[in-house]
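Participant: Each chain, written out:
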Amino acid sequence: MTASDQTLEQILNLAAAHFKVPREKLTPDDDFFKTLGIDSLQALDLLTRLEHHFRIELPDYELQGVSDFRTLADRIQARL
Amino acid sequence: MKSFRGQALSWTLNNGVVELALHREPCNEIGSLTLDELEQFAANLDSFSDRAHALIIYSEMKPGFCAGADLRELFSRSQELEPSEAVDGVRAYLERIHRVMNTIDASPLTTIAATHGVTFGGGFELALVCDLIIADRMTRFCFPELRLGLIPGFGGIPRLKRDLGNAVVRDLLLTGRSFNTAKLQQVGLVSQVVGEGESLRVARSTAAQLGKFDRRTAVAAKKFIKPIPYEELGREIDIFCELFVQPAVEAALKKFAESEDAQPYLP
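Just so you know, the sequences run in chain order A and B. First residue of the first sequence? That's 0 in numbering that gives the first Met the number 0, and the numbers climb one at a time after it. First residue of the second sequence? That's 0 in numbering that gives the first Met the number 0, and the numbers climb one at a time after it.
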């Protein structure tokens, strides 16, 4: 498993646990707004949790237009 | 008045601690109603000084501490007026909120902002008037005003400059990005980062500790180390009003006001 795959896996696990969605229902290319059923405020909450989990800063403008887990993982991986 | 229950906020005084709770749906946007009640609070603040040693400001609303100025109200009111009248109205509104902020900033009580969630724009500025910020780890702080073609108008820049290095102030202001608690504790703005849902409890615990000190000494110490940047605060109002007349600001406020998003201030 590559570092990017590990990052992606951690994001999927964190999102599933926090938003109480079965992990097996989440796939890397899902639109996380739809799959998790979240709005922009909850997306900001997810960003904060990810920043704490990975101990990074991820400016919100880096996430503009990002709605799938794989691209989100790429953005995070670029800061690890 | 020892306690007050308004539509946008409430306060109580117990055991030497004043608690100011914000509870206007959806996220304590500061419009005319909140400003009226904040002015009532500020008018009463002096009367607490012989019975209280601390003030805690917190939010009862789930999304966060405060999402800032009520931009929908600002837009609709400005549309009812001629441009010159609208600027006069904005200036009067800013001068009123500055008086409230300056009163809390200069209060002899030791003041604590207990934050969580969205702490944006005017909400961030309200936290900045306090002596200490105790933040739930899920708090996010942001100055999104440049997205609207404006600068923060409730005293944010002069107070940030008072407390932080200029580079951090520029980052917050010029990028408009939101900062998490770890970042703002690292740069020295947030006093304590606590677990989710714990900021009010820790603020109360801190307020109890503050009550052990001699008040006269605490007041003298605060006055010595926390000057209020009145001149820069006045300049901020001037710059805000100069920018407010730009057509781009009206367009940005219109877009914001007409957005169906419940949280249009989010990135």
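In case anyone wonders, no lab produced these hints; they're calculated from the structure. C-beta: ideal position from N, C-alpha, C; glycine also. Treat the hints with care, as some may be off.
[Stated by the list, open to error] Pair ranges (Cβ atoms, derived):
| hint | chain 1 | residue 1 | chain 2 | residue 2 | range |
| --- | --- | --- | --- | --- | --- |
| 1 | B | E38 | A | P27 | 48 to 58 Å |
| 2 | B | G187 | A | R54 | 17 to 27 Å |
| 3 | A | P21 | B | E257 | 52 to 62 Å |
Participant: Work down the list of hints and note, for each, if the structure agrees.
Facilitator: Outcome of the hint check:
Between E38 of chain B and P27 of chain A, the C-beta spacing of about 53 Å keeps the proposed range 48 to 58 Å intact. Separation of G187 of chain B from R54 of chain A is about 19 Å and conforms to the stated range, judged on CB atoms against 17 to 27 Å. For P21 of chain A paired with E257 of chain B, a C-beta distance near 38 Å fails the hint of 52 to 62 Å.
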